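Colleague: These are the residues of each chain, in order.
2 protein chains.
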Amino acid sequence: MKKRVVVIGGVACGPKAASRIKRLMPHAEVTIIEKNEILSYAGCGLPYYIAGEVRDHSELMSTPAGVVRDTHFFRAVKDITVVNRTVAERIDRKTKEVHAVSTLTGERRVFPYDELVLAVGSRTIQPPIPGVELKGVNFLSTVEDARKIRDQEGSLEGKHAVIIGAGLIGVEVTEAFVRQGMKVRIVEQTEHLLENLVDPEIAFHLKNEMLQKGVALNLKDRAKEILGDDQGRVRTVVTEQGSYPADMVLIAVGVRPEIRLAEEAGLEIGPLGGIRVDSHMRTSDPSIYAGGDCVENTSRVTGKPVYAPMGSTANKHGRVIADNICGRPTRFPGVLGTAIVRIFDLSLARTGLTEKETGQEELSVVTALSPAPDRAHFLPSAKVIIIKLIAENPSGRIVGCQVVGYGDVAKRIEVAVTSMSHGGTVMDLGNYDLAYAPPFSPAMDNIIVAANIAENKINDIGHGITPSEVRTRMEEGDDFIFLDVRSPEEFEQIRIEDERVRLVPLGKLREQIETIPKDKEIITFCKISLRGYEAQRILDGAGYAKVRYMDGGVVAWPYKKFVAS
Amino acid sequence: MKKRVVVIGGVACGPKAASRIKRLMPHAEVTIIEKNEILSYAGCGLPYYIAGEVRDHSELMSTPAGVVRDTHFFRAVKDITVVNRTVAERIDRKTKEVHAVSTLTGERRVFPYDELVLAVGSRTIQPPIPGVELKGVNFLSTVEDARKIRDQEGSLEGKHAVIIGAGLIGVEVTEAFVRQGMKVRIVEQTEHLLENLVDPEIAFHLKNEMLQKGVALNLKDRAKEILGDDQGRVRTVVTEQGSYPADMVLIAVGVRPEIRLAEEAGLEIGPLGGIRVDSHMRTSDPSIYAGGDCVENTSRVTGKPVYAPMGSTANKHGRVIADNICGRPTRFPGVLGTAIVRIFDLSLARTGLTEKETGQEELSVVTALSPAPDRAHFLPSAKVIIIKLIAENPSGRIVGCQVVGYGDVAKRIEVAVTSMSHGGTVMDLGNYDLAYAPPFSPAMDNIIVAANIAENKINDIGHGITPSEVRTRMEEGDDFIFLDVRSPEEFEQIRIEDERVRLVPLGKLREQIETIPKDKEIITFCKISLRGYEAQRILDGAGYAKVRYMDGGVVAWPYKKFVAS
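If you read the protein sequences in the order shown, they are chains Y and P. For the first sequence, UniProt numbering assigns the number 1 to the initial residue and increments by one for each residue that follows. For the second sequence, UniProt numbering assigns the number 1 to the initial residue and increments by one for each residue that follows.
To be clear, the hints were calculated from the coordinates, so they are not data collected in a lab. Note that this is a predicted model, so its numbers are computed, not measured. One thing to keep in mind: the hints can contain errors.
What the hints assert, rightly or not - For each label pair, taking beta carbons as the anchor points, the in silico distance ranges come out as:
id : chain 1 : residue 1 : chain 2 : residue 2 : range
1  : P       : Asp278    : Y       : Lys518    : 40 to 46 Å
2  : Y       : Thr190    : P       : Ser58     : 45 to 51 Å
3  : P       : Asp278    : Y       : Asp460    : 24 to 30 Å
Unchecked claim - Capping the alpha-carbon separation at 25 Å, the derived lysine to aspartate or glutamate pairs in DMTMM-like fashion look like this:
id : chain 1 : residue 1 : chain 2 : residue 2
4  : P       : Lys304    : Y       : Asp428
5  : Y       : Lys3      : P       : Glu497
6  : P       : Lys561    : P       : Glu511
7  : P       : Lys546    : Y       : Asp79
8  : P       : Lys508    : Y       : Asp79
9  : P       : Lys2      : Y       : Asp460
Glycine residues also receive a C-beta, built at the ideal position from the N, C-alpha and C atoms.
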C-alpha cells in the first residue's frame, strides 16, 4: 500500500519535506494542508516587498525560474495535493487522522495519515496595548499582511510610522519604510537594538546608522496606548516617554511557536514553549514529525534547547524529516542561532552566544574586538568591519561571533559558523587557508586577526580591557593612565576626551618610556588597538606590571568621542 | 645572554616573525637582512598599483594607519634592526653566522645568530625566450618592477601588451592593463586559463569574461621570440600561432622557491624544490626556520607536499616561527591551496583539489555543479554564481571546491575552506546554520545546495553527468534523449542545439511520460538542473532505468549555445 503523508503548513518546511518525500518515494501520497491561499512563499522577503525592492508579491512565491508555486504547480510538477484555505482543527492520533475545515466553504474533511508532518510555523506576539485593533496597526507575518501595508491609501511617502519592537523584523521594516520615504520611530523596551542578539558595543553601531538615517529611537520606552480618529484609523502612539504622530504602526515584538494543534493532541512541548522533537525531528509520537518555526532547536554551543525560527533552518528541517519518513535516519545537529541583517549601508551578523549569554552559562571566556578594513587597506574600496569573537578559556573553543560594519560582514560570520559547527578553536581558525587577494581581504583576514587576538589573551600575552569596563572605571573616578599611542595628526582628528588620556605616539614610546610612572595602572589604545597591543608588550617588556590595552581602540569605542569638523 | 635572531628577507614572513618575536621576547636582538631598499610591502597589491587603483606605491608599504614601514619604523616602533640593500651570501651553520654584502657600498658584514629565519621568498621563472632582455619586457615581483611598468613613457592608454602566462598574476595584470586602456593579448601554453587551479568548466567562465572585455587569447600557444626595434625596445611577440604587436610584454609563467642559500648551506630541499620544513616550520637544521614562498607546504587534503606561495600563508608561517623560537611549540597544519581572483566583474575562487587532481590521486569522488543566484532570487541585485564541489565517495569528505560568478563568490569558498580544515563532509555542510537574510543568500545557501546535490549522488538518489561527458557522448554520435524540461519561453531565449534535444516542460512530464521511450538512455536538464534532477526522479519513479541529469544545466553548459538576440 502507498504510504500516506499529510503535511500541515505550506510555507517553508512543509513544501520542502513534501517535495523531497516525493523524490525519495515517488509513489507516496502526499497532501499539504495550508490555511492561507498562498503557499511556499518567501516570508523573509516581505520587508523587501514593502521597501519596493521586490516589485510584485508574486515574485516571493516563484521559483528562481519564475514559476509560481501554486496548487497547480504542486500537482503537475511534484504530484503533491495541496489543500489550501483549509485549517487543520484537530489531530486524532489513535485513528491517525487530521480533521480540517475549509475557510472558504466551511466544508469539513478528514485526512488519514501514516506519517504526519507539523510545519505550522509561528504566530506573532500581540501585546496587550489598547488600540491594536485600529486601522493602520499592522503585524507582518504573511504576504497578505505585507500587501495591506504597501497598498495602504496610496503612497507611503512623508507618512509617520511607529515600529514597536527592535528585533530583526522591526529593523528590516525600518529600512523598508525609510526607503518608501516614511518618517520612522522605533519604540523598544530594552536599552539596545537587537538586545537579545548582540552585545551593546555591536548594537551601538546599528543605533548610529539608524540615527544618521533620520530614524527616531525611543529606547527603554514602552507603548502604552494607540489612539485613533473617528474613522477608527490610527493617529497617535502614546508611550511612557511621550505622544507621537502615527499614520501607521507595525507591531514586531516577536513570534511564538504555533503549538495549539500539537498541544491539544498531547504531543510534548519543550521548556521554551515549542514542540519538542528529537534529532530526527520526530515528536513524542513516532508517527508525527515537526519542523520549522513551531519547534525548539538544540543549540550546537550549549546542547540546550533554543528557540530560533529561521527560514533557512525550516528548509533543513524539511529535508531531514523527508529522509526519516523515507527510511533514511538522518539527524539534524541543531543550530547556532545565526542571524544577519542589512540596515541601510550597514550589515550586522551574529552567531552562537553573546558575551552576556556566556555569563549566564557561566562559561569562562576571552573576547576579541577587532576593527579593520575588510580588504587590503590600500584599496580605496576597503570598508571597516568590526568583529567580536568570543572563545572559551582556556580551550579556545569559539562560542560566539558578532560582526558589524559597512564592508563584507557576511563572509566572516560564515567562517565562524562553519568553524563552530566543528567545535573549532581560535587556534584552528588562525591557520585556516582563507582566500586572499587584495580585493577580498587583508593578507591576514579580519577573522584571523580576531582569532589571534583571542589566542594571545588565552596565552596571557595580550591583556585586554573592554571599552565598557574602561568607561565604568572612568565613571567611578579611578586613577589610571589612558595611553593613546597614535600620531598627533590622528589625535587632532578624533579622540576620546578624558583627563586620564596621555598621547605618546608608539614610535616615541621606547625613548619616552622613563616619563611614564611604573606604579600606575596603564590602559593603552590606538585606532584599532594593534598599536595599543604593541605598546602593552613594550611596557610589559620594560617591567611595567599593570598594563592592558583597550579592545578595538578608538574605532570600536562606542561612547562619545571628539571628532574634528 | 640575549637571544640573537637573524631574519633573512623583509617582505611578509620575515617582518611578521621578527615583530612577534619582539612581542614575545622583548629583550631578543632581532635583525632583518633585506636585499632591496623597500621592505614589508604588499607584493600582492602590485597589480592594483599598476591598474591605478592604488595611487602611490608608498601605500603598499604602509600600515593601515598610514605609517610607512621603513627601517626607522622598525627601529623606533619594533626595536628591530633592519639592514636593507644587503644580500645574504652564505650561511655558516657551524659558526652560526650569516655572511652578507651591501649592494650600496660593497661592505661585507657577518651576522652571528642563535636562531636564523629564512624568509627569502621566490623568484620568477625566466623562460628561455630570445628577446627577454629588451626594454619593455617585464617581470612582476617587486615594487620596483611595478613602478617600471607604470612609469613607462607616460600613459599606457592605447598601447599593446602581451602577457605570457595565464596564472593568477597574468590574470590580475590583464585587468590592470585593460583598466589603463591597453590592448591586451594573453599567450598561454595550456588549453585553459588558470589551468592548474580550476577545472575546465570553471575556467570557461573566466575565458568568456576576458573575451567580453576585449582581451585576445592565444591558448595552446607558445611565445617563440620577442623582437625589438633599433633602440632595443620591444615591438613584436612571435608565437607559434602568429606575430603580434607589443609595446610591453609581461612574463608571468610562475615562480620557484628561492633556495640558493639553503641549498648551499646543505639544508634539506623537498621533492617540489622548496625548502623542507617540519610542522614547526623548522628546517633540517634545528637552529634554522624557514617560511613564506621559499618553503614547501603540506596539503591538508592529501598530506603530501605542495608548493603554494601566498602572502596570507607567509604571515601565518611568520607567526608560527616566532612562537617556536620563543619556546611555544605551535604547529602549522598546512594549506589547502586556496586562491581567489577578481577579473573585471567576475570573481573566481578555488581550494583543495581539482577534479583532475582527484583523478591523479586516485580518489573516488562525486562532484556537484550548482549555478544559482547568490541571494534571494526575487531581489534585483541577485547575481549568479556557480559552485563546483568535489567530495570523496562514499565518505562525503569535501576535497575541493571552485566558485565562479558575478555574485558573492568569496563567502562560499570560505565555507568550503573552513569545513575542509576540519575534515568536513557534505553531510556536515548541508546542516551548517549559515547566515540567512534575502540580501545575503537564498534560504538554502548555494553551497548548501551544492552539498545536498553531492550527498544525493553519494546516496544514489541523484544521478548526474557532467557537461563535458555529455559533449563527448554527442561528439561520439551516441544515441540518447537530451530532455530539456524548461518552459517553451525559456527554450526560445536560450538553448543547446542538438538533434537529441527534446523539450518537455517539467509540469507536462508526468502527463506526457508515455511518449518517452523506456529503452533509451535519457539525460535531463533545465536552467540549473534543479528541475533536471526532479525530472530524473520522476522518470526513475516511473520505471525508467537509464536516466541522469546534466550537472549545472544550461547556465553551466560551457560550450556553444543558441541565444536569442
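Colleague: Does each hint hold? Answer for all of them.
Modeller: Hints versus structure:
Checked against the hint of 40 to 46 Å, the C-beta distance between P:Asp278 and Y:Lys518 comes to roughly 42 Å, which is consistent with it. Our hint of 45 to 51 Å for Y:Thr190 and P:Ser58 holds, since their Cβ atoms are close to 47 Å apart. Checking the proposed 24 to 30 Å range against P:Asp278 and Y:Asp460 shows it holds: the Cβ atoms sit about 26 Å from each other. Pair hint P:Lys304 plus Y:Asp428 holds up; C-alpha atoms about 20 Å apart against a cutoff of 25 Å.
Restraint check for Y:Lys3 and P:Glu497: the C-alpha separation of about 41 Å exceeds 25 Å, so the hint is violated. Straight-line distance between C-alpha atoms of P:Lys561 and P:Glu511 comes to about 29 Å, which puts the hinted pair past the 25 Å bound. The hinted pair formed by P:Lys546 and Y:Asp79 meets the criterion: a straight-line CA distance of about 22 Å does not exceed 25 Å. At roughly 11 Å between alpha-carbon atoms, P:Lys508 and Y:Asp79 fall within 25 Å of each other, so this suggested pair holds.
For the hint linking P:Lys2 to Y:Asp460, the alpha-carbon distance of about 22 Å falls within 25 Å, and the restraint holds.
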